[in-house]
Amino acid sequence: MNNARANILARLWTAISPDDLAPFESSVAGSALELSRTERVARLKQRMEAMHAEVVITSANGWIDALKATLRQRLLNGLLYAPDTALGKALAAVWDSDLPPLVGYTETIEQCKERLFAIDASITSTQGGLADVGALILWPDSDEPRLMSLAPALHIAVLDAAKIHDSLAQAIAHEHWREKMPTNILLISGPSKTADIELVLTFGVHGPKELIVLILDG
Amino acid sequence: MANSSVVDFPKNFTKALNDPQLRHNLRSAMDTLGMRRRTLFSDPVSFEQLRATGDEIRQRALRQLPELLEKLEKKCTENGIQVHWAETPAEANQICLEIIQRHNAHRVIKGKSMVSEEMHLNHFLAEHDVEALETDLGEYIIQLDHETPSHIIVPAIHKNRDQIARLFHDKIPNTPYTEVVEELNAIARKVLREKFLAGEVGVSGVNFAVAETGTLCLVENEGNGRMCTTAPPVHIAVMGLEKVVERLDDVPPLLRLLTGSATGQLITTYFNMITSPRKAGEKDGPKEVHLVLLDNGRSKIWADPELRQTLKCIRCGACLNHCPVYTRLGGHAYGYVYPGPIGSILTPQIEGLVNAGAMATASTFCGACEEVCPVKIPITDILRRLRNESYQKVDTPHAVKGHGYKLSVIESLTWKGWALNNMMPWANALSAKLLGLLSAQLPRLPKVGLLKYWGQSRTLPKFAARSLHALAKEKGLRDE
Ligand code: SF4
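Protein chains in written order, with the numbering used here: chain X, 38 to 255; chain D, 13 to 492.
Since the hints were made in silico from the structure, they are not lab data.
Just so it is clear, CB atoms sit at the ideal spot from N, CA and C, and this is done for glycine as well.
It is possible that some hints are incorrect.
[To be verified] What the simulated footprint calls covered on chain D by chain X, stretch by stretch (three residues with Cβ under 8 Å from a Cβ of chain X suffice, anywhere in the stretch; the number is not a length):
| id | stretch |
| --- | --- |
| 1 | 62-75 |
| 2 | 119-125 |
| 3 | 146-152 |
| 4 | 242-251 |
| 5 | 391-400 |
[Stated by the list, open to error] Computed list of chain D residues with no C-beta within reach of chain X, every gap over 12 Å:
| id | residue |
| --- | --- |
| 6 | His132 |
| 7 | Lys183 |
| 8 | Asn186 |
| 9 | Phe208 |
| 10 | Thr227 |
| 11 | Val301 |
| 12 | Ala476 |
| 13 | Leu480 |
Next up, chain X with everything else stripped away, as it sits in the complex (with noise of 0.2 Å):
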């Protein structure tokens, strides 16, 4: 197949014009948002719940007592975590008997995929959040993997106010983003949904059905 690839790129180097190779100038300037964290915080909030996100306000001290509330209400097998970081260390400290077990996410998918597809509810952090959009920012890692966010039908996201930035292009720029991409990240602004019938919108088609951010604000 290396024979397409000289074919292509032969192609395409002989058929470049003096056009092509001449300075391109920009004739467009970005125009950019600026936002206070507050109006960061209430635009985020505002927009995921649009998209049927349930957004909680909290604070550093009280979110796990948020989070507590929450799974009380709820009926579920247990609740996905990731036991090595600082946000697990936390939950495990604390952890009641009357609430979903906590499972940690310590094996490979070769390993506990059947498992992992069966349980109801994970938490993560997050890396950041968009306000512009209205979404969340991942960036999966060996302590918390992708399917975190993926394979239960609730999703609990701990968010940072001040980690929310006005924009992706914000993001991007004020992160570095370039210099260090990760495997993977993601932008999730609410739980999976489709309009592939009828246009009409219905959630949790193949990913989490609920999708709840936890903002600790102060």
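Dock chain D with the ligand against the given chain X, drawing on the hints supplied.
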């Protein structure tokens, strides 16, 4: 069915137009999509600015195409993504099959990908004992019914809930008949969950590939794309080679334009950026990621500065939703994978004018597609070019395959006569007079020859008693 033979357009059109159910399903869906898009881009000034940005990003990427492809390959390779090049769909299919066979896999799960439709990948894999299951709900529905997508964003939009209810009831074992959309979704969720668990290789498309970081970007709402690119041990991404962009900074405006134009969404549920296979210590994600770059005529299209604009397309589907022809016919009547305005300019260039040139005639030249296109593709200019080249043998290296296929001796004589007639005022005056006189006896054009066909669905015009030239002169207008 989409294939590479000549499509019987008039027959398909008549069939589609006489299907009231299809017309009703389409009409309401297209109106809704159009309305949602207008609501999102309600401020014309900022929309125009965003569109100018999108156009510029795509132009800049295309100008540097060979360089960016080399860069993308280099970056992906550094990241551990294996890059493959294919000149034809057959080669691309073969590449996918070899990867699948190397892993002894027989169950492939697929996210939505128009390029894989262009390759007829599912069909090819089935011939080699590999089941390729579509997991996007719309794609799943039409696959159950052995159909192809009728729209590039909402592939099953030609079907209504009753039709889907019947289909699920007939084709999925132990499924009760239900027309409740939520229940239909739940049925699909259950079936497909099993498949996600069992899938051995995941196949997806690519919305944008970022050259500077070697990142593949995928846009979706359902999560099935994430499943296909995360759960199985192998991920194959197939992409048309024009999908590359230069920088990570190019992604945000294009993403906004894509989701806004396609479904009127500020952002989709998921935006998935994949930069490498699973790294040591990571617990999920594919251990191998392959990127298949498909040419299939694109490098030839690229060589022509006007036709190249076709390749700016980000496959948002807005031109379909706003096209008076598409909204009445649906996608299947076009007979090829890409329908609507984008299909009408892209397909004849890929398949050649002899096979698909008729698609360029499926336009009223109303320009609605151009008005909504988020990257400002001059769709009507390209349509005109394709129509012209259908009638002309062109002596340039970039002529569209099959140029001049409609050329006939009679037509060229007619046009020569017409040109002569208009260059010599006396001949024009004489012929106009003759026609005017004739019209007393013959109020309409006779239904003979080509006019017979043209007149099948139209009312033939009457001759005017006095010519336009004469009327213009009378009004004192310049008449050349
Ligand atoms: S031609 Fe323009 S409007 Fe049509 S699908 Fe492509 S980008 Fe969208």
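Hints, verified against the model:
| no. | hint | in the structure |
| --- | --- | --- |
| 1 | 62-75 | holds (count 6) |
| 2 | 119-125 | violated (count 0) |
| 3 | 146-152 | holds (count 4) |
| 4 | 242-251 | holds (count 3) |
| 5 | 391-400 | violated (count 0) |
| 6 | His132 | 18 Å, holds |
| 7 | Lys183 | 15 Å, holds |
| 8 | Asn186 | 20 Å, holds |
| 9 | Phe208 | 8 Å, violated |
| 10 | Thr227 | 6 Å, violated |
| 11 | Val301 | 10 Å, violated |
| 12 | Ala476 | 46 Å, holds |
| 13 | Leu480 | 40 Å, holds |
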